[in-house]
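Taken in sequence, the protein lines are chains A and B. Quick note: the first sequence uses this note's numbering, first residue 579, plus one each step. Quick note: the second sequence uses this note's numbering, first residue 579, plus one each step.
Incorrect hints may appear among the rest.
Intra- or inter-copy, both count: the list cannot distinguish identical chains.
Capping the alpha-carbon separation at 30 angstroms, the derived lysine-lysine pairs in BS3-like fashion look like this [as the list claims (entries may be wrong)]: (1) K717 - K792; (2) K582 - K597; (3) K812 - K792; (4) K824 - K898; (5) K980 - K872; (6) K1012 - K792; (7) K943 - K898; (8) K943 - K1011; (9) K736 - K872; (10) K1011 - K980; (11) K792 - K597; (12) K792 - K1011; (13) K936 - K792; (14) K1032 - K1012; (15) K1011 - K975; (16) K736 - K792; (17) K848 - K1032; (18) K977 - K1012; (19) K975 - K847.
By construction, these hints were calculated from the structure, which means they are not laboratory data.
Protein chains: 2
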Amino acid sequence: MYKKIDENDINYLRSFLPKERILTGDEISNDYAHDELGGIESLPEVLIYPLSTEEVSEIMRYAYEHDIPVVARGSGTDLVGAAVALHGGIMICTKMMDHILELDENNLTVTVEPGVLLMDLQAYVEEHDFLYPPDPGEKSATIGGNISTNAGGMRAVKYGVTRDYVRGLTVVLPDGRIEQFGSKCVKSSSGYDLKDLIIGSEGTLCIITEAILKIVPLPEQSVSMLLPFPSMEKAIEVVPELIRSKASLTAIEYMSLDTILSAEQFLGKKFPDTNFEAYILLTFDGNDLSQIEKEYTKVADLCLSMGAIDGYFVDTEERKKSVWSARGAFLEAINASTDEMDECDVVVPKSRISDFIKYTHEVSKEVGIRIPSFGHAGDGNLHIYICRDSRPEEEWKDKLNKAFDLLYARAREYGGQVSGEHGIGYAKKEYLKKQLGEDQIELMRNIKKVFDPKNLLNPDKVI
Amino acid sequence: MYKKIDENDINYLRSFLPKERILTGDEISNDYAHDELGGIESLPEVLIYPLSTEEVSEIMRYAYEHDIPVVARGSGTDLVGAAVALHGGIMICTKMMDHILELDENNLTVTVEPGVLLMDLQAYVEEHDFLYPPDPGEKSATIGGNISTNAGGMRAVKYGVTRDYVRGLTVVLPDGRIEQFGSKCVKSSSGYDLKDLIIGSEGTLCIITEAILKIVPLPEQSVSMLLPFPSMEKAIEVVPELIRSKASLTAIEYMSLDTILSAEQFLGKKFPDTNFEAYILLTFDGNDLSQIEKEYTKVADLCLSMGAIDGYFVDTEERKKSVWSARGAFLEAINASTDEMDECDVVVPKSRISDFIKYTHEVSKEVGIRIPSFGHAGDGNLHIYICRDSRPEEEWKDKLNKAFDLLYARAREYGGQVSGEHGIGYAKKEYLKKQLGEDQIELMRNIKKVFDPKNLLNPDKVI
Chain A
579 MYKKIDENDI NYLRSFLPKE RILTGDEISN DYAHDELGGI ESLPEVLIYP
629 LSTEEVSEIM RYAYEHDIPV VARGSGTDLV GAAVALHGGI MICTKMMDHI
679 LELDENNLTV TVEPGVLLMD LQAYVEEHDF LYPPDPGEKS ATIGGNISTN
729 AGGMRAVKYG VTRDYVRGLT VVLPDGRIEQ FGSKCVKSSS GYDLKDLIIG
779 SEGTLCIITE AILKIVPLPE QSVSMLLPFP SMEKAIEVVP ELIRSKASLT
829 AIEYMSLDTI LSAEQFLGKK FPDTNFEAYI LLTFDGNDLS QIEKEYTKVA
879 DLCLSMGAID GYFVDTEERK KSVWSARGAF LEAINASTDE MDECDVVVPK
929 SRISDFIKYT HEVSKEVGIR IPSFGHAGDG NLHIYICRDS RPEEEWKDKL
979 NKAFDLLYAR AREYGGQVSG EHGIGYAKKE YLKKQLGEDQ IELMRNIKKV
1029 FDPKNLLNPD KVI
Chain B
579 MYKKIDENDI NYLRSFLPKE RILTGDEISN DYAHDELGGI ESLPEVLIYP
629 LSTEEVSEIM RYAYEHDIPV VARGSGTDLV GAAVALHGGI MICTKMMDHI
679 LELDENNLTV TVEPGVLLMD LQAYVEEHDF LYPPDPGEKS ATIGGNISTN
729 AGGMRAVKYG VTRDYVRGLT VVLPDGRIEQ FGSKCVKSSS GYDLKDLIIG
779 SEGTLCIITE AILKIVPLPE QSVSMLLPFP SMEKAIEVVP ELIRSKASLT
829 AIEYMSLDTI LSAEQFLGKK FPDTNFEAYI LLTFDGNDLS QIEKEYTKVA
879 DLCLSMGAID GYFVDTEERK KSVWSARGAF LEAINASTDE MDECDVVVPK
929 SRISDFIKYT HEVSKEVGIR IPSFGHAGDG NLHIYICRDS RPEEEWKDKL
979 NKAFDLLYAR AREYGGQVSG EHGIGYAKKE YLKKQLGEDQ IELMRNIKKV
1029 FDPKNLLNPD KVI
């Protein structure tokens, strides 16, 4: 069905791309065969690093004429096989399209190429006294990847998700045409919302080559507080009360002692406190310290009345470093603690978060497998890891499937969704279908055909 | 192409709908032939008031089988002919589906039927100490209509638009199937974003029968301030400075003396001040009055330094009433001042708002026609009215087209969009096409076909 790439194709592509930006065969590192989690493996036949929208357009035009599949990839930090070239073909890596093109202080927007890393964007706008609020844990992901999965992150409690900060996209359609969806405007009621259709579509509808992002004035104050609890049950029971209290929180993260110990071991760095079973990490921000003080006093009192042992400010540079570097390393630390793992990134209504975390403990016992988790307690998005440890293959697959079936079924029952921010990719397609039903998947398939009638862009992903 | 409705159809529909909820022929008031602006006129053959999703589904299933066009309508307050049954057929009026189904304080959502009026929703949640932030001027519009046009309103500067407050939708597809897009969850990366595709699609893809809306804790304080300026030029020059100042403003509205005088005459009520050419109305909200005071002092100083004559608090009940009732009556007041009018609801990047308002004055002079305007200076969304006054038909059409061509061309040049919040409907299709180009319109047409292969839902609208 798809054309295999031959010398003629390579020669054509080399006619407008210099040698160092187009790799073939053994020149392609095996890193490009898989994503950060691994498990789904396939190398592209050609790997290209374009520099511009026009180059991407030219590549797509050629691929479209010759029925060559194309996968766009940023840093490859995803966990569901979304950025793997299942059918070979061309991989477009955006990492050289990493320029911040404009900071528009009059419209509060920043215009970027898709290969800009989240950490570089955050640092850049903060230097200019602005904040780009979406804050996924993986700071070395690209903005293009963040948009393609509608990444959420820790500050979603207050600020929302990536979708809420994308004002406009320049994209290349599968046949090479260049279009702009959205604009710098704040409002729009001008035809169907193609921009939001692209956000979260995991590179299956078109390739994002430029994005206009909304920024906000940098809050002058940001305060974090770590609260230890004698048990995870006690810790997570606080979360719905925090939400009901209407306190203005920026982030509500939860973490268990075993996850913290994994991170300590992985990083070789001490966490400020490892005497208790469970921790809640809260962040507040704003311009007025006295207002923030009011908020955190109210919140700390509530937590203490519900079983928190203490409340530490994460205020010294050392403490900030040790807490946030641990938080940033949880995924890798858990991964290092097991031969293999798979993840479940469900999101449930905020009101069901504590029920769902408790349920992961039940599943762990019932299936007989280790299931550490951490995540965004304040917005209902959990990161749950099923750990193989050193089980033999067959037992692992069996237990993994059992655990997944239970977890996704419970998420559906709670009115949840398959993925809060990691996406569907290749690994979660079956669960998406169970969640949405054949009718909605069929609508999505037909929308895919509208954009990509030859099914060339990231085929076999999402739907 | 479409089937004309006959006795058999009526008999079938009456088999499950009581007589008082299905009207035909002369029973249908002429109000249902047009929207609030008028100009585009056509009556449906049958007018139905359903009570439930299931009834809508049953009507659609029948219409689909028999090729009968269907238009959904709320309060009919739109201005672009979106809710007019151009091809006759069935009109589904949602006004009896006006129940607030659930207030979920744990998830900060309210679930409503589409016929709930904006003013009723706002009052209901405020009684419960919450705020539904979108605040379009037309409070008697339905929520279904607000969602269908992605209505924006005055508080968009701080809070965003309707889209930002829709978490989930229950919809009926053209063939009668019922689907839910989205959920109570805060985050999602679970397949294509069908929910956002429906928002702003003006009833052309499916019929919304239920919506889960996000609400926020009601700010304890809200303060408005009216600032008179010696000229509109002076007034609007302040706007980009306000945005650059990073002041936390909830609303920035502008209004000219002639619009205020029209409203005074229309309402028979005095505005607090009519001594100056132009006014800016600012709103601030939050929980901490001292913080708000800091903000408005900073902002008032900035405005005074840039030519504001004064700054009045809109604080007494009487003053609030006179200012906000005038603001709410601008559209009707301008309409009452002329034999006929048409409107242009462009949105431009915030940085171009003052240039664009100045340009409307140039166009007025150049074309020789009265063009009052008012609107959301803080988010770039203008409401511009081309007034026929008592011109003969031919001259009016000629001048109207000239003015529209100039205004929309300039909006395009500024990176603006055809409509900020009123939608495209029937009246603005030509300008949408000029704005987006044939390729994007073709993508939209093909998406329409995915949902509505028989082109039965609100045909000939948007695209």
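Quick rundown of the hints versus the structure:
1. Within a single copy, K717 and K792 get their C-alpha atoms as close as 18 angstroms, and across copies as close as 29 angstroms, so both meet the 30 angstroms cut-off.
2. In this homomeric assembly, K582 and K597 come within 30 angstroms of each other (Cα to Cα) only inside a single copy, at 20 angstroms, whereas the closest approach across copies is 65 angstroms.
3. For the identical chains of this complex, K812 and K792 are inter-copy neighbours only, at 28 angstroms across copies versus 38 angstroms inside a copy, given an alpha-carbon limit of 30 angstroms.
4. Taking CA atoms no more than 30 angstroms apart as the test, K824 paired with K898 passes in both settings, with 26 angstroms inside one copy and 28 angstroms between copies.
5. Taking CA atoms no more than 30 angstroms apart as the test, K980 paired with K872 passes in neither setting, with 46 angstroms inside one copy and 57 angstroms between copies.
6. Taking the closest pair of Cα atoms, K1012 and K792 come within 30 angstroms of each other only across two copies (26 angstroms); inside a single copy the shortest separation is 35 angstroms, beyond that limit.
7. Neither within a single protomer nor between protomers do K943 and K898 lie at most 30 angstroms apart by alpha-carbon distance, with minima of 35 angstroms and 61 angstroms respectively.
8. In this assembly of identical chains, the alpha carbons of K943 and K1011 lie at most 30 angstroms apart only when taken from the same copy (27 angstroms versus 59 angstroms across copies).
9. Proximity of K736 and K872 under a CA criterion of 30 angstroms is satisfied in both settings, with 17 angstroms inside one chain copy and 23 angstroms between copies.
10. Proximity of K1011 to K980 under the C-alpha cut-off of 30 angstroms is restricted to the intra-copy arrangement: shortest distance 17 angstroms within a copy versus 52 angstroms between copies.
11. Taking the shortest Cα distances, K792 and K597 never come within 30 angstroms of each other, neither inside one copy (37 angstroms) nor across copies (52 angstroms).
12. For the homomeric pair K792 and K1011, the shortest alpha-carbon distance between copies (26 angstroms) is at most 30 angstroms, but the shortest distance inside one copy (33 angstroms) is not.
13. Proximity of K936 and K792 under a CA criterion of 30 angstroms is satisfied inter-copy only: 26 angstroms between copies versus 37 angstroms inside one chain copy.
14. For the identical chains of this complex, K1032 and K1012 are neighbours both inside a copy (26 angstroms) and across copies (28 angstroms), given an alpha-carbon limit of 30 angstroms.
15. When the C-alpha separation of K1011 and K975 is checked against a cutoff of 30 angstroms, the pair qualifies only within one copy, where the shortest distance is 20 angstroms, while the shortest distance between copies is 53 angstroms.
16. Taking the closest pair of Cα atoms, K736 and K792 come within 30 angstroms of each other both inside a single copy (15 angstroms) and across two copies (13 angstroms).
17. Proximity of K848 to K1032 under the C-alpha cut-off of 30 angstroms is found in neither arrangement, the shortest distances being 53 angstroms within a copy and 65 angstroms between copies.
18. Within a single copy, K977 and K1012 get their C-alpha atoms as close as 19 angstroms, which meets the 30 angstroms cut-off; across copies the closest is 57 angstroms, which misses it.
19. When the C-alpha separation of K975 and K847 is checked against a cutoff of 30 angstroms, the pair qualifies neither within a copy, at 33 angstroms, nor between copies, at 75 angstroms.
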